[in-house]
Amino acid sequence: MTAPLIEGLYREGEPIADTAAPKVPIETMWTQRKFDAQLVNPTNRRKLDVIIVGTGLAGASAGATLGEAGYNVKSFCYQDSPRRAHSIAAQGGINAAKNYKGDGDSIYRLFYDTTKGGDYRSRETNTYRLAEVSADIIDQCVAQGVPFAREYGGLLDNRSFGGVQVSRTFYARGQTGQQLLIGAYQALERQIGAGTVKMYARHEMLELIVVDGKARGIIARDMVSGEIQTHLADAVVLATGGYGNVYFLSTNAMGCNVTASWRAHRKGAYFANPCYTQIHPTCIPVSGDHQSKLTLMSESLRNDGRIWVPKRREDCEKDPREIPEEDRDYYLERLYPSFGNLVPRDIASRQAKNMCDEGRGVGPKVGDFRRGVYLDFKEAIGRLGEDAVRAKYGNLFDMYKQITGEDPYQVPMRIYPAVHYTMGGLWVDYDLQATIPGLFVAGEANFSDHGANRLGASALMQGLADGYFVLPNTIRDYLASGPYEPIDEQHPAVVEAQDAVEGRIATLLGINGDRTVDSFHKELGHIMWEYCGMERTEEGLRKAIDLIRSLREEFWRNVRVLGAADTLNQSLEKAGRVADFLELGELMCIDALHRRESCGGHFRAESQTEDGEALRHDDEFLYVGAWAWGGDNSEPILHKELLEYEAIELKQRSYK
Amino acid sequence: MKLTLKIWRQTGPEDKGGVVTYPINDVSEDMSFLEMLDVLNEDLIAKGEEPVAFDSDCREGICGMCGVMINGEAHGPERTTTCQLHMRSFRDGDEIVIEPWRADAFPVIKDLCVDRGSLDRIIQSGGYISANTGSAPDAHATPVPKEDADRAFMAAECIGCGACVAACPNASGMLFMGAKITHLGEFPQGQPERDARVLSMTAQHDEEGFGGCTNLGECSRACPKGIPLNVISQMNGDLLRATRHQA
Chain A
1 MTAPLIEGLY REGEPIADTA APKVPIETMW TQRKFDAQLV NPTNRRKLDV
51 IIVGTGLAGA SAGATLGEAG YNVKSFCYQD SPRRAHSIAA QGGINAAKNY
101 KGDGDSIYRL FYDTTKGGDY RSRETNTYRL AEVSADIIDQ CVAQGVPFAR
151 EYGGLLDNRS FGGVQVSRTF YARGQTGQQL LIGAYQALER QIGAGTVKMY
201 ARHEMLELIV VDGKARGIIA RDMVSGEIQT HLADAVVLAT GGYGNVYFLS
251 TNAMGCNVTA SWRAHRKGAY FANPCYTQIH PTCIPVSGDH QSKLTLMSES
301 LRNDGRIWVP KRREDCEKDP REIPEEDRDY YLERLYPSFG NLVPRDIASR
351 QAKNMCDEGR GVGPKVGDFR RGVYLDFKEA IGRLGEDAVR AKYGNLFDMY
401 KQITGEDPYQ VPMRIYPAVH YTMGGLWVDY DLQATIPGLF VAGEANFSDH
451 GANRLGASAL MQGLADGYFV LPNTIRDYLA SGPYEPIDEQ HPAVVEAQDA
501 VEGRIATLLG INGDRTVDSF HKELGHIMWE YCGMERTEEG LRKAIDLIRS
551 LREEFWRNVR VLGAADTLNQ SLEKAGRVAD FLELGELMCI DALHRRESCG
601 GHFRAESQTE DGEALRHDDE FLYVGAWAWG GDNSEPILHK ELLEYEAIEL
651 KQRSYK
Chain B
1001 MKLTLKIWRQ TGPEDKGGVV TYPINDVSED MSFLEMLDVL NEDLIAKGEE
1051 PVAFDSDCRE GICGMCGVMI NGEAHGPERT TTCQLHMRSF RDGDEIVIEP
1101 WRADAFPVIK DLCVDRGSLD RIIQSGGYIS ANTGSAPDAH ATPVPKEDAD
1151 RAFMAAECIG CGACVAACPN ASGMLFMGAK ITHLGEFPQG QPERDARVLS
1201 MTAQHDEEGF GGCTNLGECS RACPKGIPLN VISQMNGDLL RATRHQA
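Sequence lines, in order, name chains A and B.
Counting along the first sequence from 1, when you hit position 89 you're at 89 in our numbering, and nothing is skipped either side.
Whatever position you read off the second sequence (first residue = 1), add 1000 for our numbering.
A couple of the hints might just be wrong.
[Claimed, not checked] In silico DSS-like cross-links for lysine-lysine, where the CA-CA straight-line distance does not exceed 27 Å:
no.	chain 1	residue 1	chain 2	residue 2
1	B	1006	B	1047
2	A	214	A	198
3	A	574	B	1047
4	B	1006	A	574
5	B	1016	A	522
[Unchecked claim] Selected chain B positions facing chain A (in silico; Cβ < 8 Å):
no.	residue
6	1035
7	1042
8	1056
9	1057
10	1088
11	1092
12	1093
13	1095
14	1113
15	1128
16	1130
17	1136
18	1138
19	1160
20	1184
21	1213
[As the list claims (entries may be wrong)] If you want a taste of the chain A side facing chain B, the calculated C-beta under 7 Å gives, among others:
no.	residue
22	186
23	287
24	481
Hint data in this document are derived by calculation from the structure and do not stem from the laboratory.
Given the structure is predicted, the values throughout are model-derived calculations rather than measurements.
Ideal Cβ positions, reconstructed from N, Cα and C, are used throughout, including at glycine.
Okay, chain A solo, but in the shape it has when bound:
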C-alpha cells in the first residue's frame, strides 16, 4: 500500500532509528562500541579493499589511518592534489576539551555547548563522542608537526569562539584548516609512498555501485582523459564535504558539489535534514553580478572586533570614521549582553540581516538594499596596539584589503552573512554507516553531529574525529565479515552503473541548447537564497519548488555543453554537478517546508517568539528528517528518527 501524499509533495515512511550505539551510559558508550567491534587480523587487512572519496580532513585522515592499519585503500579527489581539499580554507580553529586554560571546560561542557548550539537537533550520542575524542585530535596533530599557536612558555595557546564562554579553540593564526589538512595530507602521502594507499587525483565519483544491497564500489571519471573507470571494494567511504554550492554564491570552493552524496542517495542512502544550511555571519559582502564566490572572514575576528551599524538611516552613506560613538548601534552587545559579539552564528547572521532590512545596512547598494554591517577594530587597536592586532589577524586583514581595496586598519571592515556549511547530509548511524550497508559517510558529508547550527571551530573537529578515530574503529567491524564475495565488471549492477554514467554524459553533450551551465547554476542559487535562505515562509518555499522544477526541465532541454567526453572538459564537469544540485534544491525546499518551526539559523517566519527570536516546536519536530529517494518523477519519502535526550536537558536557547 502506498502511503498518502502529504501536501502534494512527499510521503511518510516507517520511522528509522540508530541501532549501532550500545545501550550503556553515554560516558562509556564509545569505549564499549570499540570493544564490541570485531577485530581484523593484520595479515587479513591487506586483503580488504576500501574506497575513500574525498581528501579533506575526514577523507585524508581516514585514508592515512586505514592505510597505516594495513588495509588496501584507494583514495579519490577531484582536485589535482589531495592537499587542495576545501578543509584547507577553514580559518579560525579547532575545539578540544583539553581544559588547558583551567576555565571549567570538560567533555561534558563541549558536548553541552555543541548540542545547545545545534538547537537540540543533533543526535546526542554522536555529539558526546565528538567531544570525547576531541582531546586526542590535538595530541595527534601536534605529533605530526602541525604548527599550532604557542605561548612564550612553549605550551599551546587557545582562544574563544562564538556560542561559548571558555577558551578551548586551538589555532594556527588564521590558517588552522590549512595546517590541519596539510598534517593529514602528509600522513596520507606517507601511506601513498608506502604503497598502502593508491591516490586518484583529478578523478570524480559519478555513481555508486550497489550489489546485493551492499555498497561495493564506484564509477569514476578520470577528469584528464575522460576515461570512465570502475573501482570495486569491500566498503566505500564518502568524505565529500558539503553542498553549500547549491546556492551558487557561498564560501565553498568552486568545485564543492553534492554529486557523490546525491548519487548514493538515489541508490538508497537516506539524506537527512537537507534544509540545514549554516549562514556564516562574517563574510565579505557581495560586490557585483560577476562574483563567483564569497569569502569568509574568520569568526575569531569577533573576539576583538565590535559589530555596529549607524543608529540613523541617513548616516549609512557617511564615512564610518565620521560617525561619533553616540550615533552607533552596537546591536549585538545591546541585544545579547552576556555573549555580545560572540553570540552563535545563526543569531549574529539573522540580526545582521534585520539591521539591513531595517534600512541601516552599510556599503554599496546591491539591488535596493545596502547589505553590510561594520566590524570595527578601532577599539582593539587602541587597546592592544596595531602590532598585536596584526600578529593575531594579519593575514585576514590582508585578504580583506586584497578583495575590497580598503584598509581595515584604517576603516572598519564590512561584513554580511553568506552560505557556509551544510549540517544536513547523508544519514548515518553511530558507526557512521549509511542506510546502504558498506557505505560509510564522514565529516561534513554526514548529518550527525551539529544539529540545526554548527558552532565555530567544530567542523575541523568533526572531520578529524571521524577520520582519525571514529571511522577506523567502526568500519573494521564491517570489514571483519569480509572480504565480501568477489564481483567482476560484467556484474549487472556494475554494467548498469557504467551505462548510467555514460548515458548521462552523452545526454549533456548532446543537448546543445542556448544557455551556459553557470547561468542555470546562478538562477538556482538565487531561488535558494531568496526562498530557502536565512528566513523561510510556506508561500516562498512552495514558489521555490515550482521555480526549481521548471528550471530543471529547461536545463535538460536547453543547456549548452561544448567539447568532448574524452578530454579535460570543465563545462561537462560543472553540468553534471549542477544537474544534481537541481534535484537536491527541490528536496531542501520540501524539507524546509515540512519543518514548521524555527531552529538554528532556519528561521520560519511563521514560528517566532514575541520579541522576534526563533521558536522551536519540540512537541512536533524533535526528530531528524531522513529522506529516501522516491524515484524519478516520484515523491521523496520521509523517515523520522526521533531524537532522545537523556544526557542533556532540552531547553529553549538563550544567549541574552
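Since the structure of chain A is already known, use the hints to place chain B on it.
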C-alpha cells in the same frame, strides 16, 4: 575597462599549442582575475567556442590550485595568488599575456592547466613526521619555544601552488622543498627523521626534473605567501649535516 587577452591554448599534452588573442570589454576593477576569465568563458560558450581551461578551487588564496603566468610573472604583478589578484591592478586598454606555469616537471594538461603531481611525490618521499594515529603523547608533553613554532608556521604557510618553480629560470623546486624541511625541522618531533627527510626529498626533487638552485631569489619574490629564501639555506645546511652523518 577594455582589455586584450593573449591566452595560451593547447588542446592536450601532445598538442603544440599557441597564443590566441581575445578582446574583452566591460571588465570591472572589482573582479578577480579569474572572474574576468569566467566572464570571457561565458562569452566564448555563447559563441560556440570551447572555454579556456584553467585551474582554481577555493578562490580565497589558500588552496594553491590556481596559478598562471601573467605578463611573464607568476600570479601576475601583485604578490598574491591568481584568484586574489584583482582587475584594479590593470589599466583600461592593457594587453595581458596569460600562460600556464612553465617547467619540465609541470607538463601542460590543457590550456592553462598543468600537472603538479611532482610536488606530491616530493612529499611522499619524506615530507612528513611518521606518527601513526592513536598513540600520540599529550600535546603539552613537549613544549616548543615560541620562536621555533613561529618559524615553523612561517614555512608551513606554503600552499604548494608552484609559483616558485614557474618563476625560477632553472625551474627549481627548492623553495617548496626548503619550506617543508624547515617546517618539520623546527619541531622536536621532527628530529628523528631529519637526515633521512632531506636526503630522500632532494633525491626525489632531482628525479622529477626540477632544476638546481642558483640563488637568484625569483622564487621567493614570486611566492604569494612570502616564504623567505633562507628556508633554502636551512635545507642546504640539513643536507650537509645529513651527508656528514652518512659518511
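Here is how each hint holds up against the structure:
For the given pair, residue 1006(B) sits about 18 Å from residue 1047(B) by alpha-carbon distance, which is consistent with the 27 Å threshold. Annotation: proposed proximity of residue 214(A) to residue 198(A) holds, straight-line Cα distance about 23 Å (limit 27 Å). Distance check on the hinted pair: residue 574(A) and residue 1047(B) sit about 19 Å apart at the alpha-carbon level, within 27 Å; holds. As the CA atoms of residue 1006(B) and residue 574(A) are separated by approximately 25 Å, the hinted pair is consistent with the 27 Å bound.
With a CA separation close to 36 Å, the supplied pair residue 1016(B) and residue 522(A) exceeds the 27 Å bound. At about 5 Å, the closest approach between the beta carbon of residue 1035(B) and any beta carbon in chain A falls short of 8 Å, and the interface hint on this residue holds. Among the interface hints, the one on residue 1042(B) holds; its C-beta lies about 6 Å from the nearest C-beta in chain A, closer than the 8 Å criterion. Interface restraint check: residue 1056(B) against chain A, minimum CB-CB distance 6 Å, threshold 8 Å, status holds.
The closest approach between the C-beta of residue 1057(B) and any C-beta of chain A is roughly 4 Å, which is under the 8 Å cut-off, so the hint is satisfied. A hinted interface residue such as residue 1088(B) counts as satisfied when its beta carbon comes closer than 8 Å to some beta carbon of chain A; here the least separation is about 6 Å, so the hint holds. Given the 8 Å rule on beta carbons, the hint for residue 1092(B) is violated: about 17 Å separates it from the nearest Cβ of chain A. For residue 1093(B), the suggested interface contact is broken, since its CB lies about 20 Å from the closest CB of chain A, more than 8 Å.
With its C-beta approaching chain A no nearer than about 21 Å, residue 1095(B) sits outside the 8 Å limit, and its interface hint is violated. Given hint, residue 1113(B) at the interface with chain A, holds; its Cβ is 7 Å from that chain's nearest Cβ, closer than 8 Å. Interface hint at residue 1128(B): satisfied, since its Cβ lies 4 Å from the closest Cβ of chain A, which is below the 8 Å cut-off. With a cut of 8 Å, the hint placing residue 1130(B) at the interface with chain A holds, because the nearest CB-to-CB distance is about 7 Å.
For the restraint placing residue 1136(B) at the interface with chain A, the shortest Cβ-Cβ distance is roughly 4 Å, inside the 8 Å limit, so the hint holds. With 8 Å as the threshold, the beta carbon of residue 1138(B) comes within range of chain A, its nearest partner Cβ sitting at about 6 Å, so the hint holds. Evaluation of the residue 1160(B) hint against chain A yields a held restraint, the C-beta minimum of about 6 Å falling below 8 Å. For residue 1184(B), the shortest C-beta to C-beta distance to chain A is roughly 5 Å, which falls under 8 Å, so the interface hint holds.
The beta carbon of residue 1213(B) is not positioned within 8 Å of any beta carbon in chain A (closest approach about 23 Å), and the interface hint is therefore violated. Against a cut-off of 7 Å between C-beta atoms, the interface hint on residue 186(A) holds, since the closest Cβ of chain B lies about 4 Å away. A distance limit of 7 Å between C-beta atoms decides the matter here; for residue 287(A) the minimum to chain B is near 5 Å, and the interface restraint holds. This hint is violated: residue 481(A) has a C-beta 23 Å from the nearest C-beta of chain B, more than the 7 Å allowed.
In summary, the numbered hints that this structure violates are 5, 11, 12, 13, 21 and 24.
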